[in-house]
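J.: What follows is each chain in one-letter form.
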Amino acid sequence: MLKEKMKVEDQVLEKQKQVVDDITSVHRITKENSVFSRTDGGFVSLQYTEEDGEIKVYNRITVHRCFPHSDPTHYISIREPEGDGREIGLIDDMDQLPEDTCAMLNEQMELRYFTPKILKVRHIREEYGYSYWDVVTDRGTCRFTVRMGGGSVYPIGKDRYLINDLDGNRFEIPDLYKLSAREIKQLDLFI
Amino acid sequence: MNLKYTLPDHEQEKIKPLLKGEKIVYCLPFDLDKDGQWISDGWVAVTRNNLFILKNGSIIRNIDLSQTDEILCSPEVNCGILISNHSSYDEILCRFSMRFMVQYSYTARGASLFCRGQDKEIVSPERERYCPACGQVLPGTNQCPRCAGMGRTFQRFWSLCGAYALPFLSITLFMAAISAITVGQQFIQRRFIDDVMVPASGTLGQIGGFFATMLALVLLVLALSTINTIWSNNLGTRISRDLRGRVYAKINELSMEFINSRQAGELMNRVVHDTSHIRQFMETAFAQMFTRIFIMIGAFITMLFMNWRLALLTLAFVPLAFILVRAFRKLERRLWRQQWRFDDRVNGRLQDVISGIRVVKSFGQEQRETERFRSYIERLKYIQRRNEVLWATLYPFVMLIITSGTFLIYFFGGRDVLTGSMTPGELIQFIAYANMLYMPLQFISRLPRMIMRLKTALERIYDVLDEELKIDQASDAIDRDLDGNVVFENVTFGYKSYEPVLEHISLSVKKGEMIGLVGSSGTGKSTMINLLMRLYDADDGQIMIDGIPLSNLTKACLHRQIGVVLQETFLFSGTLFDNIRYAKPDATALDVIKAAKIANAHDFITKFPDGYDTYVGERGSTLSGGERQRIAIARAILHNPRLLILDEATSSLDTETEYQIQEALNRLTQGRTTFAIAHRLSTLRKADRIVVLDKHSIAEVGTHNELMRQKGIYFGLVMAQLEMHKVKH
Chain S
1 MLKEKMKVED QVLEKQKQVV DDITSVHRIT KENSVFSRTD GGFVSLQYTE EDGEIKVYNR
61 ITVHRCFPHS DPTHYISIRE PEGDGREIGL IDDMDQLPED TCAMLNEQME LRYFTPKILK
121 VRHIREEYGY SYWDVVTDRG TCRFTVRMGG GSVYPIGKDR YLINDLDGNR FEIPDLYKLS
181 AREIKQLDLF I
Chain E
1001 MNLKYTLPDH EQEKIKPLLK GEKIVYCLPF DLDKDGQWIS DGWVAVTRNN LFILKNGSII
1061 RNIDLSQTDE ILCSPEVNCG ILISNHSSYD EILCRFSMRF MVQYSYTARG ASLFCRGQDK
1121 EIVSPERERY CPACGQVLPG TNQCPRCAGM GRTFQRFWSL CGAYALPFLS ITLFMAAISA
1181 ITVGQQFIQR RFIDDVMVPA SGTLGQIGGF FATMLALVLL VLALSTINTI WSNNLGTRIS
1241 RDLRGRVYAK INELSMEFIN SRQAGELMNR VVHDTSHIRQ FMETAFAQMF TRIFIMIGAF
1301 ITMLFMNWRL ALLTLAFVPL AFILVRAFRK LERRLWRQQW RFDDRVNGRL QDVISGIRVV
1361 KSFGQEQRET ERFRSYIERL KYIQRRNEVL WATLYPFVML IITSGTFLIY FFGGRDVLTG
1421 SMTPGELIQF IAYANMLYMP LQFISRLPRM IMRLKTALER IYDVLDEELK IDQASDAIDR
1481 DLDGNVVFEN VTFGYKSYEP VLEHISLSVK KGEMIGLVGS SGTGKSTMIN LLMRLYDADD
1541 GQIMIDGIPL SNLTKACLHR QIGVVLQETF LFSGTLFDNI RYAKPDATAL DVIKAAKIAN
1601 AHDFITKFPD GYDTYVGERG STLSGGERQR IAIARAILHN PRLLILDEAT SSLDTETEYQ
1661 IQEALNRLTQ GRTTFAIAHR LSTLRKADRI VVLDKHSIAE VGTHNELMRQ KGIYFGLVMA
1721 QLEMHKVKH
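Chains S and E are the protein sequences, given in the same order.
Counting along the first sequence from 1, when you hit position 102 you're at 102 in this note's numbering, and nothing is skipped either side.
Heads up: take any position in the second sequence, counting from 1, add 1000, and you land on this note's numbering.
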């Protein structure tokens, strides 16, 4: 009985060690150890050779940026879509990958991240605690609503702003001073 | 939220032949294409058997739901995608912005039910964010205050004020009197000028007479206004007090579902802020503005009678002045808002640094923070100074322009005086009236905003008051002493219609029995308790106590005989004594001491300098977790319930305290039907039977020994906890 218990203990400890290893080590994905390919469903699959030479196949992976705002092309995290989304590995630099791989990963990131850039502010109307925006973005024209009061418009760098609308969409002003004086004046209330 | 949009005609035509007589159950637009461009012609339509994707007027994908495992709504970063899944093969169906996220998550679940062959339609209890008619943001209500129309607002306002008819009437009469006197006063002034001053034949006595009359009238207006202000403030506070009481009482009565669908802060706002908006309206808008408007109307009518041409000329300036006032107000608001926002930022920064002062100091960043803060206040100073200067220079100019209409009267009126068609007194009277027209313009420009605020506040208050009570007791509900035999009869329940938390639960508990509820989190242990306490009603099946269905017992009867000890004990601000007898306010001191003794609480309480009179702050923060728990147990003992619920009552305590409390609990559970939820299985040693919940239903029932022999889920849980214990030590 006691022996059995000891065995169980050892197993538990061993498992914990594995978990800690998995959490703490950074796996690199390079063009040498990976083959990405498109699936019919519009996603990307991965065949990945692990450090110990074992080949693993993932039917679908998801692509996360570590620095979506400040450095969108470096440190790309490739993860499993299911469960708690375990990280399979990290791509240091997108430019190191073959062109078509790069293209398909970019497509996946395009699918995941949606932050239209505001090119032109046509009109902002303020009424009873909300402001109604009419803008031209790099994804076409759109209208959205922003709660007045702090927090909805905030800077993420010099002259660069993010706007959260009521629904949870996000818009970006890449450079405030590229906008016209009239547009900046409309934005005055928020900045 | 609406899950069934109407397809445009063209799309309807396209989809019709494919429906084969089926009805569209869910229909939503999607607003992004795969490249992330905004589009307005994407649609998803779900029938019992199929899911159609339409774009650009044609059907681009038709999915057979019976050949699909699941439809998933996958949240991405500030957008979402709809995915179909079949034998671990995922396909992207469409993409949408966050506007439709909630709707798609419901629709995906609804469609997945069809995939599994369940013919059930789900609804989304979430509120629409925008008014479907006007596109404005809704303030958390069903009805749009903007579209509600003045009729509805007035109706609400009247129904609200109906109870206060007398004070209302007197306030209105007083307002009319004040206006009449203010307007009439000018006639006396005119007589004074024309009869006494101009002919220069008046006597000192006459002057004295006029002086006395004028003084009397001024004093009268002063007195009336004061009384009126007092009355309307009185009325305002009364209305808001009554409304607060009503809203609060209603919130207490409402089902947990309604309360869960709103944030606690938002409901608090309705009790506190919305009601005070109504008070403010009564005090400022109603009393002051309406008096001014009465005066305006009175003045203008008199002007028309005196000299209609000059009156119209004065009026011609009103629109101009009004536009100017509004523009000016807009600028004013803009300036102050900017300043206020920056003020906020400075405060936020300050709060940040001060609460994180240990981090700042330990990393030696004082210098940098000081400089950063200095640059903030420098900018604030700049904004403040600019605003003040602008304000000080602009204001007199604007006032000048607004009142410039009077200069015209001086000119044309002066001409009339020279030609003799007007007396000097009349001219002065006229100018006084003109000012009465111009001066209140500033107030009037605020009126739309105030009315909108009133409408919103009324809408939000009535949103609560009009909410129908969902859980209601039968009209012939009975109130009797219970023995505590509890039966769950095929009970099914889910907080959301598409997600059952409990399925087909059947359990019979004899009086005095202690039942341990075990299972990993999310299996529905607490839900069973919530149903037993009737915080929610079962969707299907029923719960009976002593053979009586819960809905046939009055709520008072049920709650009088159920006692609860929760993991997080909530103590109210007040003394320990008050807290223990919370459920039984008429308990004597001796009762309380007896209960505290059984709960192992008497000793530590008497050691406090203030004993039972010890004042505990909000949430009982001055006591330790174990002490709070024992107070809660004493409270439950005093309550003397037939049914006892222990929801993780000891899980937040250290082992020694747990032992003490366990002892107290053992005394408490004797002879009472008890349901105990516990993660730490050692707590359930004394349980007569243990019920193991797994995947929303009962997996195992039996005594500790029986279940250990079965070597099922319970056995696994016990072993796992033993191992964890070993590893820890």
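A hint or two may mislead.
Claimed, not checked - Cross-link-like lysine to any residue pairs, in silico, SDA-like; alpha carbons within 25 angstroms at most:
(1) S:K158 to E:Q1365
(2) E:K1510 to E:M1452
(3) E:K1597 to E:N1552
(4) E:K1381 to S:S152
For the record, the hints were derived by calculation from the structure and aren't laboratory data.
J.: Compare the structure with each hint and give your call.
T.: Now for the hints, and whether the structure bears them out:
For the given pair, K158 of chain S sits about 22 angstroms from Q1365 of chain E by alpha-carbon distance, which is consistent with the 25 angstroms threshold. This hinted pair does not check out: K1510 of chain E and M1452 of chain E have alpha carbons roughly 58 angstroms apart, beyond 25 angstroms. Using a Cα cut-off of 25 angstroms, the hinted pair K1597 of chain E and N1552 of chain E is violated, with the two alpha carbons roughly 36 angstroms apart. Distance check on the hinted pair: K1381 of chain E and S152 of chain S sit about 24 angstroms apart at the alpha-carbon level, within 25 angstroms; holds.
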